[in-house]
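Student: Letter by letter, the chains look like this.
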Amino acid sequence: MHIVVCIKQIIDPEIPPHVFQIDPIEKKQIRGRQVLVISTFDEVALEVALQMKEKEDGKVTVLTIGEAEAIEALHAALAMGADEAIHISDPAFEGADSFGTAHILAAALQKVGEFDAVLCGRQAGDVEMGLVGPFLAEKVGLPCVTLAANMEAGDGKTKLRRPIEGGYEVLETATPFLATMMNDESNVPRYVSVRGLRKAMRSEVPVWSAADLGLDPAKLGSETAQIEMEELFVPQRETRCEFIEGETGAEIGKQLALRLRELKLI
Amino acid sequence: MTKILAFCTASAEELPRAALEVLAAGRQLGDKLDGTLQAVLLGPNVEGQAERLVHHGADEVFVVSHPRLQVHEADVMVGAMEALVEELSPDVILFPHDELGGGNVAPRLAYRLNTGIITDCTGFEVQSDNIRWLRPVYGGKAMATMVANGPVQMATTRARAFEPLEADATRQGQVQTVEIDVDSISSSVSLVERTQEEMEGISVDQAQIIVCGGRGMEEEESFVALEKLAGVLGAAVAGSRPAADLGWVTHSQLIGQTGKIVAPNLYIAVGISGAPQHMAGAGASKTIVAINKDEDAPIFKLAHIGIVDEWQNVIEPFTDACKDLVSSSD
Chain A
1 MHIVVCIKQI IDPEIPPHVF QIDPIEKKQI RGRQVLVIST FDEVALEVAL
51 QMKEKEDGKV TVLTIGEAEA IEALHAALAM GADEAIHISD PAFEGADSFG
101 TAHILAAALQ KVGEFDAVLC GRQAGDVEMG LVGPFLAEKV GLPCVTLAAN
151 MEAGDGKTKL RRPIEGGYEV LETATPFLAT MMNDESNVPR YVSVRGLRKA
201 MRSEVPVWSA ADLGLDPAKL GSETAQIEME ELFVPQRETR CEFIEGETGA
251 EIGKQLALRL RELKLI
Chain B
1 MTKILAFCTA SAEELPRAAL EVLAAGRQLG DKLDGTLQAV LLGPNVEGQA
51 ERLVHHGADE VFVVSHPRLQ VHEADVMVGA MEALVEELSP DVILFPHDEL
101 GGGNVAPRLA YRLNTGIITD CTGFEVQSDN IRWLRPVYGG KAMATMVANG
151 PVQMATTRAR AFEPLEADAT RQGQVQTVEI DVDSISSSVS LVERTQEEME
201 GISVDQAQII VCGGRGMEEE ESFVALEKLA GVLGAAVAGS RPAADLGWVT
251 HSQLIGQTGK IVAPNLYIAV GISGAPQHMA GAGASKTIVA INKDEDAPIF
301 KLAHIGIVDE WQNVIEPFTD ACKDLVSSSD
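As you go down the protein sequences, you meet chains A and B in turn. FYI, the numbering for the first sequence is 1 to 266, going by the working numbering. FYI, the numbering for the second sequence is 1 to 330, going by the working numbering.
Any given hint might turn out to be false.
Here are the simulated BS3-like pairs of lysine-lysine, each with C-alpha atoms no more than 25 Å apart in a straight line [claimed, not checked]:
hint, chain 1, residue 1, chain 2, residue 2
1, A, K264, B, K301
2, A, K264, B, K286
3, B, K228, A, K264
4, A, K139, A, K159
5, A, K55, A, K139
6, B, K3, A, K264
7, B, K286, B, K228
8, A, K59, A, K159
Hint data in this document are derived by calculation from the structure and do not stem from the laboratory. Remember, predicted model here, so these are calculated numbers, not experimental data.
Turn these sequences into a full structure, and let the hints guide you.
Tutor: Structure, rendered in structure tokens:
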């Protein structure tokens, strides 16, 4: 089974708020000294693909669109166990929105050739639109299963398990298909060893440009965006915390209950 | 006149809160744009729910009742919506940002209509007939205003961001059935199994009070104390990411950027530091109570009521005091 995983490199989303900075003119986060990582749900998608490969003896190819430093995300993916990585990079891709990104990825999938599944994270860990996966499925004409957590191959069909309130459902799709993945207990991404990462850094990673993909640079990037960010800002919260104090825990606990009753919350 | 179309799904038994929320958003938008709020109602045997959409804000309701229009049949829903949009030619289409709507049908429909879509919105402004959508980005650390270009404006609304309107049985509106050839819509995904355990207690999605434990609970056994408290308050028990990753709560109880987004009346955070990823899921709660031994924990910047103490000292007397109050008011 050949699984293609689309990943995005983002600034570590788990940084504390006091080091989070934005550029309101460029309307994006300022990287500063923060590390770059594979976007949370994309890493989950890669974990699912790797588990599948271990069960079914398949192959995992990872794609990313990004500038020079995006190679680090591909090295991390190779170190996790991906077989091949492809770096899709061209100045013409700058400013592409979800439509543009899906357009570029569709061309890359065509160049990849044969595959059985395309996995994406349910949404990127930065702008969190959650559009690229479903757009790509529509563009390529693949069945689209969303918000799955793991998968199981059958003959010509694949079963995907999706968490729902209080349980799960299993959906069956024709192959090839596209699925967007979310986290659950079964797909916590594996750790990468320093040794593994060093080895991965010696791998050849091909770079595909707009020309390699047969894409017209005039129809890419911000020129064709259908979604525009007009303003980016950090909201000022002005919650004043009312502290409940007392000599003993028993007193504090009682005070809290009385205060909540006073506020008609309990 | 601007036509706003709200995507509502239901079953014969249930009209979900998500439908009422998207109607509330549509009503607000309709009033600002001086437009008409049209609701499409899709599902098996849903005719009986149509009047309720009028009571909750719709001017017109278009009912498509068909056994294939189930919540797991995203392909059928996309096909039906494509046909409905052709028939009704709306200017704006709103979906709830849930598994079916924002997660699947809305983006795919936007692609087919070749139009811009803004997902997971918590609000909007109208400026000279242009809608600027407000939505959280970067795990709630920042907010963005966005505009969608294209022939139709599409948006999905975050759960709990819009409060359903009180049902007004005197509201008047038109209800009509639409004939769509649902049988001929092809679907390449099918449901083979659904396992749903009887939920113990109240689910975090529906609870008005949530008691949430974090890493500071230190061990799984500590959640027994939270369950006791939840039992007294009629609350749901939840956990932060560390609590879920350590297996102290299930992933369906996980609150945060990688879990559920909730906005109960009362959110009691116990042993939770208040990382942005967590607050992305709980920050919209109406009242937040934080119990944490570290007075510098970021949660105290977001909480309305705070207690700096070991949770072990406070939870039991708090539970007992609540029990007294609750039983004396029965």
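Student: Hints first: check each against the structure and report whether it holds.
Tutor: Okay, the hints, checked on the actual structure:
1. K264(A) / K301(B): holds (23 Å)
2. K264(A) / K286(B): Since the Cα atoms of K264(A) and K286(B) sit roughly 12 Å apart, the hinted pair holds (cutoff 25 Å).
3. K228(B) / K264(A): holds (21 Å)
4. K139(A) / K159(A): holds (22 Å)
5. K55(A) / K139(A): violated (30 Å)
6. K3(B) / K264(A): It is violated: about 40 Å lies between the C-alpha atoms, which goes past 25 Å.
7. K286(B) / K228(B): holds (23 Å)
8. K59(A) / K159(A): The given pair, whose Cα atoms are some 18 Å apart, holds under the 25 Å limit.
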